[in-house]
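**Q** Next come the chains, spelled out residue by residue.
Protein chains: 2
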Amino acid sequence: MQNSKISNAIIRRLPRYRRYLGHLQNKGVKKISSNELSELLGYTASQIRQDLNTFGEFGQQGYGYEVDKLYKEINRILGLDREYKTVVVGAGKLGQAISNHNYFYKVGFTITALFDNNPAVIGTKVNDVEVHDVAELEDYVRDNNIDIGVICVQRDGAQSIADTLVAGGVKGIWNFAPIDLEIPDKVSLESVHLSDSLHALSFMIKHKIP
Amino acid sequence: MQNSKISNAIIRRLPRYRRYLGHLQNKGVKKISSNELSELLGYTASQIRQDLNTFGEFGQQGYGYEVDKLYKEINRILGLDREYKTVVVGAGKLGQAISNHNYFYKVGFTITALFDNNPAVIGTKVNDVEVHDVAELEDYVRDNNIDIGVICVQRDGAQSIADTLVAGGVKGIWNFAPIDLEIPDKVSLESVHLSDSLHALSFMIKHKIP
Chain A
1 MQNSKISNAI IRRLPRYRRY LGHLQNKGVK KISSNELSEL LGYTASQIRQ
51 DLNTFGEFGQ QGYGYEVDKL YKEINRILGL DREYKTVVVG AGKLGQAISN
101 HNYFYKVGFT ITALFDNNPA VIGTKVNDVE VHDVAELEDY VRDNNIDIGV
151 ICVQRDGAQS IADTLVAGGV KGIWNFAPID LEIPDKVSLE SVHLSDSLHA
201 LSFMIKHKIP
Chain B
1 MQNSKISNAI IRRLPRYRRY LGHLQNKGVK KISSNELSEL LGYTASQIRQ
51 DLNTFGEFGQ QGYGYEVDKL YKEINRILGL DREYKTVVVG AGKLGQAISN
101 HNYFYKVGFT ITALFDNNPA VIGTKVNDVE VHDVAELEDY VRDNNIDIGV
151 ICVQRDGAQS IADTLVAGGV KGIWNFAPID LEIPDKVSLE SVHLSDSLHA
201 LSFMIKHKIP
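Line order of the protein sequences matches chains A and B.
Residue 1 is where the first sequence starts when you use the numbering used here, and the numbers rise one by one after that.
Residue 1 is where the second sequence starts when you use the numbering used here, and the numbers rise one by one after that.
Only true hints are included.
Computed cross-link-like contacts, SDA-like style, restricted to lysine to any residue with a CA-CA straight-line distance of at most 25 Å: (1) K208(A) <-> F55(B); (2) K206(A) <-> R12(B); (3) K31(A) <-> T54(A); (4) K72(B) <-> P178(A); (5) K106(A) <-> S195(B); (6) K30(B) <-> E182(A); (7) K186(A) <-> L194(B); (8) K208(B) <-> R142(A).
Calculated from the structure, these hints are not laboratory results.
Generate the whole structure from the sequences, applying the supplied hints.
**A** Laid out in structure tokens, this is it:
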């Protein structure tokens with residue numbers, strides 16, 4: 001499978017597959033057809049079969065998918081079968097909210113340190129994790145083989161933080177600052193644009209979409 | 001234009017159009033062709049023309065789009081030409097982060113109150129906005145004609161808060177709890193699934209996608 005063949009659309013669909021399969025597991029559902037998955041997710045059955053076939057042969061003609069097995073396989077496809085050492089940069093409310101989110105630990109994203117430039121918070125702890133001086137960020141990332149940097153700083157400081165994380169050798173950046181970061185291709189970038197989400201909501205309200 | 005014709009995909013694209021047009025405006029760009037927009041956004045030029053034609057005639061054959069005008073039109077299409085009275089339920093770190101985000105005020109989402117069930121925070125203020133007892137939520141929403149409720153509580157309490165917001169008469173819910181809420185069709189629902197975003201990142205890291 002060539003990575004150039006993986007569209008952004010499929011990257012967005014796969015985590016939803018995982019989420020719905022998790023719901024089915026919790027309900028004790030053992031198997032499901034691509035038609036049933038289609039109804040649940042709102043994608044066509046052929047879309048679902050095509051997506052999953054990109055990564056292997058999971059279903060059985062005329063039987064469907066085993067929920068437990070497919071959930072496990074999707075976890076593997078999503079890279080959730082390993083630990084990611086993670087740092088959070090910016091120990092404000094958002095950085096604290098992310099650091100307090102125990103779900104992230106549960107699925108393997110271990111936050112080992114926070115960073116901030118405010119002397120008043122450096123040395124304090126959030127959810128038992130220490131806040132370090134942001135001046136130490138690059139060395140810390142390099143010395144501790146950090147995989148992911150989460151950017152929770154204001155717009156203006158975000159690109160410089162991203163550059164530092166890249167220099168330290170992170171593999172991925174999860175960005176919450178409202179800016180389109182410039183990152184070399186060797187590093188994966190996922191930006192959460194909360195304003196886009198809010199504007200989608202106002203659009204839905206205006207056009208009376210549920 | 002029938003609302004049933006508006007796909008989820010276009011709802012996701014429109015806020016990005018706005019964001020990139022805002023960047024162009026800030027750079028002083030006055031006009032842009034659909035081909036140039038296409039390169040910037042990664043959608044095909046015909047996709048962009050088709051999206052915009054859904055809402056009116058904004059471009060001129062052989063000239064392209066006036067950036068200022070198109071930005072203003074997209075704001076109108078997105079429903080950003082009015083104020084939304086908004087409450088935030090859950091005054092934890094995430095609720096505080098949302099309430100502190102001045103951008104939301106700037107584009108018309110005025111947070112008039114927060115709500116929580118913790119006696120220790122009821123009566124305190126976040127960004128000059130008072131935290132009320134969640135027991136008063138339904139009455140407050142009804143009496144103050146609140147448009148939007150933002151749900152920043154844990155998974156387990158989220159559906160009940162959503163029911164209360166609906167009973168009070170909100171037009172839209174912006175949900176941050178990791179749960180698929182059940183909401184009547186008359187109310188618009190936008191859920192931010194942070195875990196989906198994080199899983200998309202781990203997928204990109206695993207498959208070396210930039």
